[in-house]
Amino acid sequence: MDKKMIKNDSPKYPSYLELYKNGELKKRAKKLSSYYENCTLCPRDCRVDRTRNELGKCQATATLKISSSFAHFGEERPLVGQKGSGTIFFSHCGLRCLYCQNHSISFEGEGIEVTEERVAESMLKLQKLGCHNINLVTPTHYVPGIVNALMKAIPMGLHIPIVYNTGGYEKLEILKLLDGIVDIYLPDFKYMNPEYAAKFSSEAYNYPYYAKIALKEMF
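By the count of full-length UniProt numbering, the sequence shown reaches residue 219 at its end, each step adding exactly one.
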């Protein structure tokens with residue numbers, strides 16, 4: 001087959017481009033940004049003002065913080081393709097599982113604080129490397145900043161799918177705001193038993209309840 005006839009396996013026109021074009025993405029970005037002042041982005045419902053550097057369970061302020069961004073070849077095969085999944089690892093985590101393999105990132109907050117513009121540039125760099133998607137790892141507590149970064153990356157040419165790589169501890173209202181922005185959900189469902197959730201994920205006894213609702217919405 002003529003190589004010129006082979007199409008890129010990543011969609012050129014994810015739905016977030018249409019949301020950007022019709023102004024809906026801007027509205028959602030504004031709505032999401034309001035959550036930082038009384039944070040209820042995840043089921044912890046800490047209600048701290050992260051814009052004033054108040055810290056909740058995740059220990060994150062409103063400033064984006066990432067530990068790394070690179071073409072990842074260790075993710076699920078359909079995401080990796082030939083040139084990797086464009087992975088951005090975000091620091092901190094609201095779930096805080098005792099067995100986390102990235103303890104230094106999720107518990108200790110290892111990483112560097114970055115602007116939304118810097119994250120947008122990282123997305124574009126990963127796309128330029130040929131990555132098939134932008135894979136957001138542990139994004140929940142930074143959703144407002146991520147969507148704002150996406151707003152900045154789109155007019156600069158971003159056009160590959162967004163992967164939401166999560167532990168499954170999500171709020172339905174936030175997922176609804178992400179509808180049409182996220183192309184692929186990659187949830188890691190952890191517990192059906194609330195006692196185990198509380199024991200191993202820092203008293204997240206309500207994990208099964210919220211995770212089941214989240215999975216249904218993602219599906």
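Careful: at least some of the hints might be erroneous.
[To be verified] Listed next, with one range per pair, are the computed distances between beta-carbon atoms:
| id | residue 1 | residue 2 | range |
| --- | --- | --- | --- |
| 1 | Glu110 | Arg52 | 20 to 30 angstroms |
| 2 | Leu98 | Ser33 | 11 to 21 angstroms |
| 3 | Glu203 | Lys128 | 21 to 31 angstroms |
| 4 | Glu195 | Lys30 | 19 to 29 angstroms |
| 5 | His103 | Lys21 | 12 to 22 angstroms |
| 6 | Glu108 | Glu203 | 35 to 45 angstroms |
| 7 | Asp45 | Asp188 | 15 to 25 angstroms |
| 8 | Asp45 | Asn102 | 35 to 45 angstroms |
| 9 | Gly130 | Thr40 | 33 to 43 angstroms |
| 10 | Tyr99 | Glu76 | 32 to 42 angstroms |
| 11 | Tyr196 | Arg52 | 33 to 43 angstroms |
Note that these hints are calculated values from the structure, not bench results.
Computed from a predicted model, the values in this text were never measured in an experiment.
Where is the CB? At the ideal position from N, CA and C, for every residue including glycine.
Hint check results:
1. Checked against the hint of 20 to 30 angstroms, the C-beta distance between glutamate 110 and arginine 52 comes to roughly 23 angstroms, which is consistent with it.
2. Taking the beta carbon of each, leucine 98 and serine 33 are about 32 angstroms apart, not inside 11 to 21 angstroms as hinted.
3. The given range of 21 to 31 angstroms is broken by glutamate 203 and lysine 128, whose C-beta atoms sit roughly 42 angstroms from each other.
4. Restraint check, glutamate 195 to lysine 30: a C-beta distance of roughly 40 angstroms breaks the suggested window 19 to 29 angstroms.
5. One distance hint, 12 to 22 angstroms for the beta-carbon pair histidine 103 and lysine 21, is violated here, with the actual separation near 41 angstroms.
6. Remark: the range hint 35 to 45 angstroms for glutamate 108 to glutamate 203 is contradicted by a beta-carbon distance near 19 angstroms.
7. Hint check: aspartate 45 to aspartate 188, Cβ distance near 21 angstroms, so the stated range 15 to 25 angstroms holds.
8. Roughly 24 angstroms separates the CB atoms of aspartate 45 and asparagine 102, a value that falls outside the hinted 35 to 45 angstroms.
9. Checked against the hint of 33 to 43 angstroms, the pair glycine 130 and threonine 40 passes, with Cβ atoms roughly 38 angstroms apart.
10. Taking 32 to 42 angstroms as the suggested C-beta distance range, the pair tyrosine 99 and glutamate 76 does not conform, at roughly 20 angstroms.
11. Taking the beta carbon of each, tyrosine 196 and arginine 52 are about 35 angstroms apart, inside 33 to 43 angstroms as hinted.
Of the numbered hints stated above, those contradicted by the structure are hints 2, 3, 4, 5, 6, 8, 10, listed in ascending order.
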